[in-house]
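Start from the sequences, fold in the hints, and give me the full structure.
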Amino acid sequence: MLLASRRVFLAVASILLALPAWAANDPAASLIETTSAQVIDLIKTTQGAQREAGIRRVLEQSFDLSYMGQQALGKYWASTSSDQQARYLKAAVGAEAHAYAERFGQYGGQTLTLGKVTTRPNGVTVVDSRLNQSNGQPIKIEWEVRDVGGAPRITDVKIEGVSMVITRRTDFTSYIQNNGGKVEALIQELESRATR
Amino acid sequence: MVENLVGSMMARLRGSAVAMMAAAVLMGGCASTDTGAAEVWDPIETPNRFIFAINRTIDMIAIRPLAVTYRDWMPERGQKGIRNVLDNLGEPVTAINEVVQGSPGRAATTIGRFLVNSTIGIAGIFDVASAMGMPKSKEDMGKTIGYYAGTEPENGGFYIVLPVIGPSNARDGVGLAIDASMDPFSLVTFSINRNVGWIASGARYGATAIDMRSRTLFALDDLEKNSVDYYAALKSAYTQQRADLIRAKREKTDGKAEIDRRDNLALMR
Chain L
0 MLLASRRVFL AVASILLALP AWAANDPAAS LIETTSAQVI DLIKTTQGAQ
50 REAGIRRVLE QSFDLSYMGQ QALGKYWAST SSDQQARYLK AAVGAEAHAY
100 AERFGQYGGQ TLTLGKVTTR PNGVTVVDSR LNQSNGQPIK IEWEVRDVGG
150 APRITDVKIE GVSMVITRRT DFTSYIQNNG GKVEALIQEL ESRATR
Chain G
0 MVENLVGSMM ARLRGSAVAM MAAAVLMGGC ASTDTGAAEV WDPIETPNRF
50 IFAINRTIDM IAIRPLAVTY RDWMPERGQK GIRNVLDNLG EPVTAINEVV
100 QGSPGRAATT IGRFLVNSTI GIAGIFDVAS AMGMPKSKED MGKTIGYYAG
150 TEPENGGFYI VLPVIGPSNA RDGVGLAIDA SMDPFSLVTF SINRNVGWIA
200 SGARYGATAI DMRSRTLFAL DDLEKNSVDY YAALKSAYTQ QRADLIRAKR
250 EKTDGKAEID RRDNLALMR
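Residue numbers (numbering that gives the first Met the number 0), protein chains in the order written: chain L, 0 to 195; chain G, 0 to 268.
One thing to keep in mind: the hints can contain errors.
Stated by the list, open to error - DMTMM-like mimics (lysine to aspartate or glutamate), calculated; alpha carbons at most 25 Å apart, straight line:
1) Lys-224/G x Glu-101/L
2) Lys-89/L x Glu-223/G
3) Lys-79/G x Asp-220/G
4) Lys-224/G x Glu-141/L
5) Lys-224/G x Glu-51/L
6) Lys-181/L x Glu-223/G
Just so you know, the hints here were simulated from the structure itself, not pulled from any lab data. Remember, predicted model here, so these are calculated numbers, not experimental data.
The following block contains the structure:
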């Protein structure tokens, strides 16, 4: 029963995720396509801690998390010891995985339609997409994809123009500034949130 | 509180020329400190955080509970109808802004929408105009100023947290005051009688607040829970979202600028 419904779902998902022919061969677009298919599959088949672990694996595979984490720390990254950097990345990635698992828990059959793929001279590819909701306006999502060691990786997600990385950076740097410019304070806060 | 706000906006009707000049000074003053999205210019952070704390308290005890009740108990069709009525009341201001933005064609469509929905759509409850091929649009003076300002749209002057209304900046705050001062709905109701004006505007802005809050519950809860400094995260998200809307306006006329800015903005340090 579960298997059958899953198969039907995947068939539907593959139709809904069908790309315009001109985008189909683009590695960046197909990365977004496979990632969203993996996530939807996880939501349909897993729950709780298992789902969180699964989403974490997808994040690690498809996103360049260390690059994103480095960007989110802004000017403080360079002045942080490599030991602290490792702890910070671990805590920040854990927090993001948890947040994503929770967000996707609200999933109610939305579909992702991929749109224009723009590659810029500096090597960054932006994949436009729309998250179609059953009620209300579709949500605009832009994926920023970079080539990391020969493989495409997502380096930022912009929802209605709001960049995840830039928002995090304002958030993190402001917290550090208000705690005497110490990155350690942020790391401890993130670590203590993980245990909560 | 909403009434106070409307009152102060009405007062500015007479001084909108002053507001325009103030806007020019504020926008000009910040052109040299073009900060981009990552670091929003926030010279009055301490008072801003103070107002932000008060707003969160008001939200917690009054607005949020009403918004949750509204979302969970009002049938979806009712919510849609109310939203359509509120949107319809906003059409004249959108049309004025579209004229100022240099799109008279789009303004004509908006006026057409207003006429059709106010009559056939029964005071705007039903959006018949969309079905007739007149799509909805929403413009405000903050966007109009941003459209003409030569600066990066992330730069809207200093960041300010307005009482009850919340995140704003010099550009959008001035825009809000100008929009309110030229709003035909307020002008008409206040010309009948002061009390009629207060009650009508109070009902309208009260309903707008609940409607808007009910639609931002998920996003704001998420942002609050997953940030270590909610004030800073919201400041950044607000600035980016407004910038995105303004950029979309500019792009329609200039495709190359969009590519340039994406390269400039692409994770600048």
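Taking the hints in turn, this is what the structure says about them:
A C-alpha spacing of about 11 Å is found between Lys-224/G and Glu-101/L, which places the hinted pair at or below 25 Å, so the restraint holds. For the hint pairing Lys-89/L with Glu-223/G, the CA-to-CA distance comes to about 21 Å; that is within 25 Å, so the pair holds. At most 25 Å may separate the alpha-carbon atoms for a hinted pair to count; Lys-79/G and Asp-220/G meet this at roughly 22 Å. For a cut-off of 25 Å, the pair hint linking Lys-224/G to Glu-141/L stands: about 23 Å separates their Cα positions.
Taken as a hint, the Lys-224/G and Glu-51/L pair is honoured in the structure, with Cα atoms around 17 Å apart against an allowance of 25 Å. Between Lys-181/L and Glu-223/G the alpha-carbon distance is near 22 Å, which keeps this suggested pair within the 25 Å criterion.
Of the numbered hints given earlier, the model fails none.
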